[in-house]
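S.K.: Whole structure, please, built from the sequences with the hints as guidance.
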Amino acid sequence: MAPTDRARRDHLSRPRVTGVDRSAAAPTVPGDPLAVAWLPLRTLGRGVTRGCAAFGLGAISATALAPLHLAPSGVIGFGGLWMLLVRTPSRRGAFAIGWLFGLGSFLVGLSWITEAFSVDAARFGAFAIPSLLALSAGLALFPAVSAAAARLIAGPAGGLTLAFALAAAWTAGEWLRGAVLTGFPWNIAGYAWGGSDAGLQAAALVGIHGLGLLAVLGSVLAAVALRQRSVGPAAAAALIVALPWLWGAVRIAGTVPSETTGPRLRLVQPNIAQDLKWAEGERERILARLLALSGAPAADGMAPTHIVWPESAVPFLLAEAPAIRAAIARIVPPGGALLTGAVRRTQTEDGNPALLNSLLALDGTGAIIAAYDKVRLVPFGEYQPLRALFASLPKLTVGAIDFIPGTSRQPTQVAGLPSLWPLICYEAIFPGPLPGETPAPSWILNVTNDAWFGTSWGPYQHALAARVRAIELGLPLVRVANSGITLVTDAMGREGARLPLATEGVLDVALPAALAGGSFYARHGDLPFGMGVAALAGLALVGRRRA
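Each residue of the sequence shown is one higher than the one before, counting from 1 in the working numbering.
A couple of the hints might just be wrong.
[Unchecked claim] Cβ pair distances, simulated, as ranges:
(1) W278 x S258: 14 to 22 Å
(2) G301 x E504: 15 to 23 Å
(3) A279 x M531: 27 to 35 Å
(4) L152 x S258: 44 to 52 Å
(5) Q347 x G436: 31 to 39 Å
(6) W278 x P379: 19 to 27 Å
(7) T255 x A371: 56 to 64 Å
(8) R123 x G183: 25 to 33 Å
(9) L527 x E495: 28 to 36 Å
(10) D275 x P379: 17 to 25 Å
Derived by calculation from the structure, the hints in this document are not laboratory data. Ideal placement from N, C-alpha and C gives every residue a C-beta, glycine not left out.
M.R.: Next comes the structure, spelled out in structure tokens:
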């Protein structure tokens, strides 16, 4: 046989490996013990390196969110994740890469939760770091499943096929994170657009999850362009970033903020330290501070018609304290009302004592004329989930009695005010259209107490989420926070007034008007986002068949 024939035969008989990183295959000599021992060590080392890279990229991606808004960090993070998955052909490996990426992202992005444990450090301080680790590790399962799903959809393919699959699977995983169990849609990728009002405007069309789809898709296409040195993906990435921003800029420029006639609100930010909220010797002083701020003359001479206090502002069971309500009634504007967060006592269906986290409206006689009870409660904060399993873990809020959720999500009517959509505390992080069977409200009222988290990143992320709810629904937002950030936005999320963190003060503001006709997202919800996910997954499947 000729040498050329033998070489051709050897080449054809050599097994072909597709869809894997060929650099992982170290040459070995049959019978060489050093080569046999070196291969698993080399593979392990490469796995550790990629795992550390995934963790670091996740941590970097978190800085694209509030309050830093370093948008290039998101491109680096998600683009780097795509590159790691290109070199990770197995679903198991992709799961590990996704989990480590998510772990890094959540450890950095949610590091502020440790502040809550320092309020009563003697009881809870030891739980701070373990709780952050446990929460981050649990939430990281969603990115892990998303990465594995992306590899499942794309098969062994990389390039655009894997890019489309990753964008679809990642944002679908974020949607599930907001829906599974109690849901926790905090720091969705779409909040990376929060560095400018213009960048956020597309939420009126596709919601925060749609913005997340655009952010992730643009990032991974940029990585494809860099790796393949291709103009097409680069142009697509540029358009995905530029078009929503330009549309938002035009939308803002073409709309002049308008106000309703009549209602004038005084928003009170008392800045009460969390460790003093329910201290026996401080309760009267807290009430006196609230009353003094509420009754002070307006700087512009225009008296308010309504006063708003933050979540659980009054350190009393207000419904059971007629003397306290009488004191409050003296500063209620004539014909108006005072709205305040308050705790109410109730019972469970089986007769056990329970609490409600409520928004109450009081008139000039001290009567409670309207009430809303918080529906979405904070696990381990307001109630103890799976109490039989976690009996040894105390909840962070005062008292041993659990809060229970309210039963109705309806707009609230208060005399002298347009119909309002109440959101207490972290209810503001949940996107979604309003219930179709209810009359549409005219504005959003979000009362909260972020004093738990000091001046950390948490209050900034929380306030941004509330602003996006205003853009999604086309409704103005009034946000009243104990220690900040108190603010007012129009129906496009543009801030008209703000009180910063850790300050005491009031805002006297007119109520902005709702967007005429509402928003596209308010009418259609996440349908456009779902269609986008399905389209990208379909493109990935087509690319897989052609690979």
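S.K.: Quick check: which numbered hints come out false for this structure?
M.R.: 1, 3, 7
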